[in-house]
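Our numbering puts the sequence shown at residues 149 to 619.
It is worth saying that the hints were derived from the structure and are not from the lab.
This structure is a prediction, so every number in the text was calculated from the model and none was measured.
We put the CB at the ideal spot given by N, CA and C, even for glycine.
Some hints here could point you the wrong way.
Here are the in silico distance ranges between beta carbons for each label pair [unchecked claim]: (1) R393 <-> A248: 28 to 36 angstroms; (2) G476 <-> A499: 21 to 29 angstroms; (3) Q590 <-> D454: 15 to 23 angstroms; (4) A428 <-> K214: 46 to 54 angstroms; (5) G493 <-> L440: 42 to 50 angstroms; (6) D522 <-> P186: 47 to 55 angstroms; (7) D454 <-> G476: 30 to 38 angstroms; (8) S498 <-> P614: 47 to 55 angstroms; (9) A499 <-> T386: 22 to 30 angstroms; (10) G435 <-> Q247: 47 to 55 angstroms; (11) G476 <-> G246: 13 to 21 angstroms; (12) L514 <-> I486: 26 to 34 angstroms; (13) G441 <-> A248: 50 to 58 angstroms; (14) P394 <-> P478: 46 to 54 angstroms.
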Amino acid sequence: MDFRTDSVVDLAGQVRRGELSARELVGHALAQIEADNPTLNAFVAVDGERALDAAAVVDETVAAGKDPGPLAGIPIGVKDLEDAAGYVTTLGSPAFAGQAPATSDSILVMRLVAAGCVVVGKTNTPELGWKADTVNSVFGRTLNPWNLAHSTGGSSGGSAAAIASGMVPLATGSDGGGSIRIPSAGCGLSGMKTSLGRVPSGGRRAPDWQNLSTKGPMARRMTDVVAALDVAVGPDPTDLRSLPRPEASWTAALHDPKPPARVAWSPTLGYADVDAEVLAMCERAVGVLASLGADIVEVDAVFDEDPLNDWLTLTSAYNLRTHIGFMGTPVWDRVDPILAMLIEGAAAKSALDIVRADDTCHALNLRMVDLFRDVRLLVTPTTAAAAPPHALGGSGLINGTPDINWVKFTYPFNMTRSPAATVCIGLTTEGVPVGLQLIGPQHGDLVVLRSAAALEEALGFDTLAPELSLS
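Build the full structure now, drawing on both the sequences and the hints.
Put into structure tokens, the structure is as follows:
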């Protein structure tokens, strides 16, 4: 058994047929975590006894002749920004590390568990998920299984590292500025940020980053991501933004996947410098899309300027709401210093500043509407540089020059609420994976999924992260 190669769909099918037990799957996950997590630090909390008890319930359901669900027995990690019953939701922050365990699951976790998944633990994230480097003052740094000297990216870096190393085949993530796509690209996974509202984020408290962030499952390959999305998407009355589900099955939509007839390729979006090695890899992958029948239209500028400052205005306001009660207390000295600076800056912003940042989201979407009158898909590099060495302190290396904003291709599409995916297109000379980003029109999730699956299949990238153990 190797979670790096065995598909979620196949493993769950074996459990449902009684050919493999859920306890075997969970036991294997726990063994891999015990062997590899001391090196990678992907999991920050594990409860093996609870997980094995939950797996036994799945096995009892199968033995009784009942169906435990389409994801029967699949062990999952839950990103430490959302609730899993029995675990503390620390948000990667010293401000919340000592709070009581959650008494219920988030909507995403609840739906995955109802489909047969078994939670084995919580995965690491930067504080409040605010940056693209998975490190915090509570649990420390997560290492990239492809190259231990490099970042996983973030903020779902713990989940990405756990999947790429084979600790679990499935985990949860969230994406408010690229936080599923960036670590998926950096750890060699296919990742998907659905349209805002496809996977609901309601529940007993208002969602964090409520107009930007989308929760979702993460896996190594798109077929498994879609299998998990099939049970995760759909409206919930506690989420004001949740969308109806028009399609009965997203998995069925992946039968004979292919890109649309016309695809826009924008290597810079109009404002971004890109590392030459990354750009060359992306251009080769765009050539593969062309070989699949897509007419490629190069677009020099999608946006007039980098919307980073408006994105920071919104996210810093959201983070101010979360951390305002801790400002001026002893715990504030342990908050990530750049995060603290941004939050303090947000406290000085006006209501008009926030509204104008929202206006920028509207303006960016108008540009997307214009673009999609001519094409059906936009592709860009997922990141401007490969996941960087830890020694750069979170900066990426673009043509030999450190750049703190090496993730400048992802957050615009949180601001436009667009569906967006990333597909692994190969490895740099440092052995670090690189991704190509695929963006669809508003609510056009299926064109993104079908195109990503087609590209993934055509590229045939099947290299695995180096094995850290023989367990």
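Results for each hint:
1. R393 <-> A248: 28 to 36 angstroms: Since the Cβ atoms of R393 and A248 sit about 34 angstroms apart, the hinted range of 28 to 36 angstroms holds.
2. G476 <-> A499: 21 to 29 angstroms: Because 23 angstroms falls inside the window, the suggested range holds.
3. Q590 <-> D454: 15 to 23 angstroms: Holds: the Cβ-Cβ distance is about 22 angstroms, inside 15 to 23 angstroms.
4. A428 <-> K214: 46 to 54 angstroms: Since A428 and K214 have Cβ atoms about 53 angstroms apart, the given range 46 to 54 angstroms holds.
5. G493 <-> L440: 42 to 50 angstroms: holds, 46 angstroms
6. D522 <-> P186: 47 to 55 angstroms: holds, 52 angstroms
7. D454 <-> G476: 30 to 38 angstroms: At roughly 33 angstroms between Cβ atoms, G476 and D454 fall inside 30 to 38 angstroms, so the hint holds.
8. S498 <-> P614: 47 to 55 angstroms: holds, 51 angstroms
9. A499 <-> T386: 22 to 30 angstroms: holds, 26 angstroms
10. G435 <-> Q247: 47 to 55 angstroms: holds, 51 angstroms
11. G476 <-> G246: 13 to 21 angstroms: Cβ of G476 to Cβ of G246: about 18 angstroms, so the range 13 to 21 angstroms holds.
12. L514 <-> I486: 26 to 34 angstroms: holds, 32 angstroms
13. G441 <-> A248: 50 to 58 angstroms: Given range 50 to 58 angstroms: holds, Cβ gap about 55 angstroms.
14. P394 <-> P478: 46 to 54 angstroms: The hinted range 46 to 54 angstroms holds for P394 and P478, with Cβ atoms some 51 angstroms apart.
Figure legend: structure checked against the earlier numbered hints; every hint is met.
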